[in-house]
Amino acid sequence: MSGSTRRGFLARGLRGAGLLALGGGLACDSSRPHAGFLGVMERANEGFQRALFDPDRLAPELGEDEETDLEDFPKYKISREFPVAPAGWALAVKGLVARPLTLSIADLKRLPRTRTRVRHHCVEGWSAVASWDGVRLAEIARLAGVDPRARYVGSGPSTPATRLRGTRRARSMRRRSSPTG
Amino acid sequence: MSRPAQPWLVRATHWANVVLLAVMAGSGLRILVAYPFLGPRGDEYGWYPLQGAPPPSALTLGGWLAGARHWHFAFAWIFVANAVVYVAYLFASGEWRRRLFFPRRDARNAWGTVLHDLRLRKEAPQPIGLYNGMQRLTYTAVLAMAPLVVLSGLALYKPVQLPRLTAILGGYDVARAIHLAVLVALALFTVVHVIQVLLHPRTLADMTVGRDERPEEVS
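Same order as they appear, the protein sequences are chains A and B. By numbering that gives the first Met the number 0, the letter at position 128 of the first sequence is numbered 127, and the numbering carries on one by one without gaps. By numbering that gives the first Met the number 0, the letter at position 191 of the second sequence is numbered 190, and the numbering carries on one by one without gaps.
In case anyone wonders, no lab produced these hints; they're calculated from the structure. Hints may contain errors.
What the hints assert, rightly or not - Below, a list of computed lysine to aspartate or glutamate pairs in the EDC-like style, where the Cα atoms sit at most 16 Å apart: (1) B:Lys157 / A:Glu123; (2) B:Lys157 / A:Asp53; (3) A:Lys108 / A:Asp146; (4) A:Lys93 / A:Asp55; (5) B:Lys157 / A:Glu45; (6) A:Lys93 / A:Glu45; (7) A:Lys93 / A:Asp132; (8) B:Lys157 / A:Asp146.
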């Protein structure tokens, strides 16, 4: 048996073992990674990350010559052009915050803008350098008075204008050729 | 004095490692499926022959990217814990003396073993105690891969929070290539290791049920 077949066999065996242990509380179920043993270790990893993370340590600013060509980015976008927000669009900030906010485009434009060029490390394993421009998420969090217990930020549509989700981000990726942000 | 060829802690950590490395390799390959290229986007490495070729699904574990990442990050800690137990035992017990490669003792013997295996020399050098020189060199090299795979893995895990480590390794994308190269090296080692064990079944008994070291059997 070659090493690779053996590994495949072991992997199948482990998958089987994980399914057998289902309901035992210590299961490793790939489709439910927050439960069982995988979930226990996910929370252990969160503890490790909290100990490791220094909020003041940011990705280093890079030069324009290091920017990755736009064509080399994966195409997850819904259109080639920047989506335009519909009339009356607003960003609602809610959850574990002292001051729930509803920010219109005009409100967002009045907030301090930031521009940064950093290497992005994707969970998929690739890395690429892009320029980002817009309002810092930290600024919105400060305005809303985020509860220190809050651990995640989620984003999603709350109006039927789902096609325009891209504009909801506090930061948006700039096109290299575009002089305005 | 007779002591086991493979003390129980060595046996336990060895077989735990078989399972742990299988989980790490399978889940790691499933993560690689999400982006089966090496090198930064737009500047992929020319030397990597498998650009764009995802690993076969039979070798992968975790089902999907998030599932595989959860397996990988869960079992990484157990792999590290197992390695720490092994290394602590290695040094506390004095086992390191008969297991690790020391050039003055083992280099000539290792070279003689290579010549014998290549049929360039008739007589095989006698093992020095538990292993011959080439075994010590190989096992020591494999042990040295563990810190390399863990450190490159940490750089991939948090490249921004661990900037010095990432820089020492040559950056995020180089760390990723190193991480995969160690897997390839371990896979090659595993193939040769299994062949050698099949050729010398006595060693399998040593590593499972455990038997005393009997130098007279070594010939």
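Inset, instruction - Hint by hint, work out which the structure violates, then give me just those numbers in ascending order. - result: The structure conflicts with hints 3, 4, 6, 7 and 8, although it agrees with all the remaining ones.
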